[in-house]
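Sequence order for the protein chains is G and V.
Counting in our numbering, the first sequence runs from 2 upward without gaps.
Counting in our numbering, the second sequence runs from 135 upward without gaps.
These are calculated hints, taken from the structure and not from any lab test.
Using N, Cα and C, we set each Cβ at its ideal position, and we do this for glycine too.
Some but not every residue of chain G turned toward chain V, in silico, with C-beta under 10 Å:
#, residue
1, L20
2, G28
3, G30
4, A39
5, G54
6, H149
7, D204
8, A284
9, L299
10, L300
11, V301
12, T302
13, A305
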Amino acid sequence: MFGCLVFESFRRQKRRKILAGVAITLGVGVATAMIAVATDIGDKISRELRNYGANLIVTPQEDTLDVQIGGVDLKPPSDGAYLNEADLPKIKGMFWRNNIVGFSPMLPVNVRVGGDTGAKNLTLLGTYFSKRLTFGRESFSTGVRSTHPWWKVQGAWPDDNSFDVLIGESLAAKLGSKAGDEIEIAGQPHRVVGILSTGGPEDNQIVAPLALAQHFLGKPGAVRRVYVSALTKPEDAFARRDPQTLRGAEYDRWYCSPYAASIAFQLQEAIPHSHAEQIRQIAQNEGTVLSRIKGLMLLVTLAALFASALAVSAAMATAIFERRKEVGLMKALGAGNISVAALFFAEALLLALIGGIIGFAGGALLARQIGRSIFDSQISIEPVLFPVILAIAVIVTFAGSAMAIRRAVKFDPVYALRGEA
Amino acid sequence: MKSEVTNRRAGKPHTSMFLRMLMRAAVLRRGRAASALLAMVVAAAVATAMLNLYVDVQAKLRKEFRNYGANVVMVAKGDQALPADAIDKINAILAGHGLAVPFAYVVARTSNGQSIVVSGTNFEPVRKLDSWWSVTSWPANPQDALVGVRAAALVGPQGTPFDLSFQGRIMHINPTGILRTGADEDSRIYLSSQDFESWTGVKPSTIEIASSGSSEEVSSLIRQLSQAVPVVEVHPIRQIMEGEAHVLGKTRATLAAATGLIIATAALCVLSTLIGWVFDRRRDFAIMKALGASEGLISGFFAAEAAALGAVGAIVGFGIGIGVAAWIGRVNFHAPVVPRFNVLPVVFVGSIAVALVSAVLPIFLLRRVQPAMILRGE
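With the rest of the complex left out, here is chain G:
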């Protein structure tokens, strides 16, 4: 009898059920989408923060001091220690290799530029642009195009295996050269394929493939420093502990957390005779920006949950309020308060489950759409959220109906039947 009542109620009052169901579906959809976005926003924003460039730097262990002002190297040439280029692919063999967005080796050398008349001493920076490397069976490409996304080239990027060069913007203006020209470096002509603009010291330098800089220096395989861009976890008190003082499980936890400090530690292990350090300007500020944006999205998600809870309860209250006559009839026929309430709650449960399932699917699609249009990547939804969202939907629907059901049940059946609602 009870099942029959519920079934008939759904069959005969399609319009009302659809209205309430739509409200629940939309509410759950919005809530699901917002929860999915809020849980994933940290990952997405930390990837966006990689636009600030490298957050770790690897230098030779016995490094001499940099004598550099405004990007101009004042140190005598062929001074200082070097890293070995052949060790670099080992970065992709580290524990946190999947967190390494990219790395770029740098080798500044002083070269004489121009013909016999008016030759100038300039800095030539050797680096990877988008070099294909292999480590084990894995093949990947890395270079300044991924670690220094603010570098802009007018013309084309040189090939990493060519002898072509880029000229910094300010230097190009001084030399009067443009893309497509030839430039004489250390007595050999080289093609300028593009003009580089960085807003940094590179604007006054020549930037060339690493092999070319090594050739000018006369030291094949030499690298002065390596910039590494890695996805890290914001630093906390535990991250600042010295790994030497940690024991057993604590050491493992420190080593296996993607803190900037522990990734630097692993870089040092991967590359022999090296010293890795976080670039504090980039690494330290990521945490604050990230936590602010995450906090904001959390509060906004709470607002969304609140708004959708309200929408669902309003729809349920309206749907039940309209049915006081039915209640009157049922009570006149001898139904008790409990069985009337049970009927309404059963209906609400059914609506919440149907709306919750459709809403969850819709919300997942919505989150995916938001991820694709804003971040160009998927926002995946945790399957574990499904029962949670469904439970929330049922609770909110019950809570929204409770007041209205109470009032409907208390209503005197005589008034209801006489139409004096």
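Chain G is already provided as a structure; the job is to place chain V on it using the hints.
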């Protein structure tokens, strides 16, 4: 007596009755009117808070992004020094919306002939500008210096005082703090500008500027600066500017999507409550119609009621929403979100529009029904 009443009624025939009906409807059905108003207020509050946050988040996040330090750098052309009044001119242009710190550089020699870069600056503003500098203790006394961690390994590993020479002049330096940044600063020594100038006689050649404005404001600042101080090159630090633009753009886009969803949900809430409210009063509608009111008048009555509800809801909701936004700002950014009154007209018009739609929709449906049917309770 009678003529007086007739005259009075003739004077303003509909308005007073219209108003009285509106008032009585609100007073007699307090419960339902209050729940409709509550929905309206909550929706307007949520919409206000979200719009306010959306408008203000840029300013709030920009402040956080200024932790990344300078976004504009000013360098003297060639080997000249900056004009002496440059820093005052810059501070006048910035007018409190930024920070400018001068740096002077020389290459000095240690006692064993090693070259080392020494910089002169003001520690107080540097501490604010480069908040990521990890410093064991900031220098306070004359001749105290901040020594980069790599420079320290070379000149005085145990923090012992040492001598530096520049063009034959010797400076006795007392290393008070070790500086760690992971960048060029690690191999430099920082002195206060007074010590630096009295020792080397070299004036600042670089000014780093952190401006907390939008990218348009920064480019206009750069134009102003290069006009005010002609012998320098001013350029933006693209690394910082572009990184900021990326993150800010994505955050705003996400927030815009969230705001859209939340406002749609709130509007839905108002819609379902108000439709229920109007449907519930179909007997009023039928009685009015039976007594001879025209359809236009009845629609006008319900529309006026809904508009009044929307207006009151919007204003109360706006007040609450501003409070919510301020609270979110305080919790998350440790600074309240400034009330943006240009959000008010949007919320106001939007609330009234949603209220009108939700009132007129059921009227439109009820119009086709005979009043007798409704009054009979069918």
